[in-house]
Amino acid sequence: MWIAVLVLLIIMIIIIIAPILKHPEIKGLIGERRVREQLRRLPEENYKILNDLTLKGKQGTSQIDHMVISPYGIFVIETKDYGGWIHGKEDSEYWVQTFYKSKFKFRNPIKQNWAHIYAIRENLSEYKDLPYYPIIVFAGKGRLKNLDVTTDVICLDALFETIMKHRGQRKLNDNEIGEIVTTLTGASIKDKQAKMDHISRIKWNVKIRKMKERALICPHCGAQLIRRIGKFSKFYGCSNFPRCQHKQD
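In this text, residue positions in the sequence shown follow the UniProt record's numbering: the first is 1, and each later residue adds one.
For the record, the hints were derived by calculation from the structure and aren't laboratory data.
Certain hints may be false.
As the list claims (entries may be wrong) - With beta-carbon atoms standing in for the labels, derived distance ranges:
(1) G83 <-> Q112: 16 to 22 Å
(2) F241 <-> K171: 36 to 42 Å
(3) P242 <-> H166: 29 to 35 Å
(4) M164 <-> N240: 28 to 34 Å
To be verified - Pairs of lysine-lysine residues, derived as BS3-like cross-links and limited to a Cα-Cα distance of at most 30 Å, are as follows:
(5) K190 <-> K48
(6) K165 <-> K48
(7) K56 <-> K103
Cβ coordinates follow ideal geometry from the N, Cα and C atoms, glycine included.
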């Protein structure tokens, strides 16, 4: 009797928890935790880890998943927790996630990460020659397929080796690393309402962007999008080309 009740209770818990674990925000948090675990493998004496920073820049606020400050430069890590097959190019506006015959678009994470790097640079303006290493980590069950990129786009198990391969000439001493950590943690927005405003602003910008694209208006410069024929496919490109190089399917 008690065994049957226990089994029933376990089944009920699974039914309740399973949809929660599939929620995008929960999956994102799980992915970020996995990344943190990998980053802890780095030697503490040379690699200082900062997680979940929100920095102000000229273009607004940027929420940065993970940063690693090292003698060799700064690693800026964008975490994605997607399944399926991942397709994308270095300079395309969107990447594609496929599940068999289903396709879903998402913003190019390389461009997202460079926006974060620009915000970091603005807060570290006195370190003008400091190398930045953008890394995109897919921490879920997604498989990287047909990627045409020069930026490091990797699965989680390659993160440690990817960071370690950039060892070379030292650009920062211990004091400078400490100063950078202090500057960035001090500049990071800690007010919860401000962080919520940042998230709301991102969602609103995404909504406006999609509305413009459906209306064939360039989300970058506001010009009309026109149908073009490329070498391999048809697409919509900005009428202000080559000044504006936005394009979409």
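Which hint numbers doesn't this structure obey?
-> Those not satisfied are hints 4, 7.
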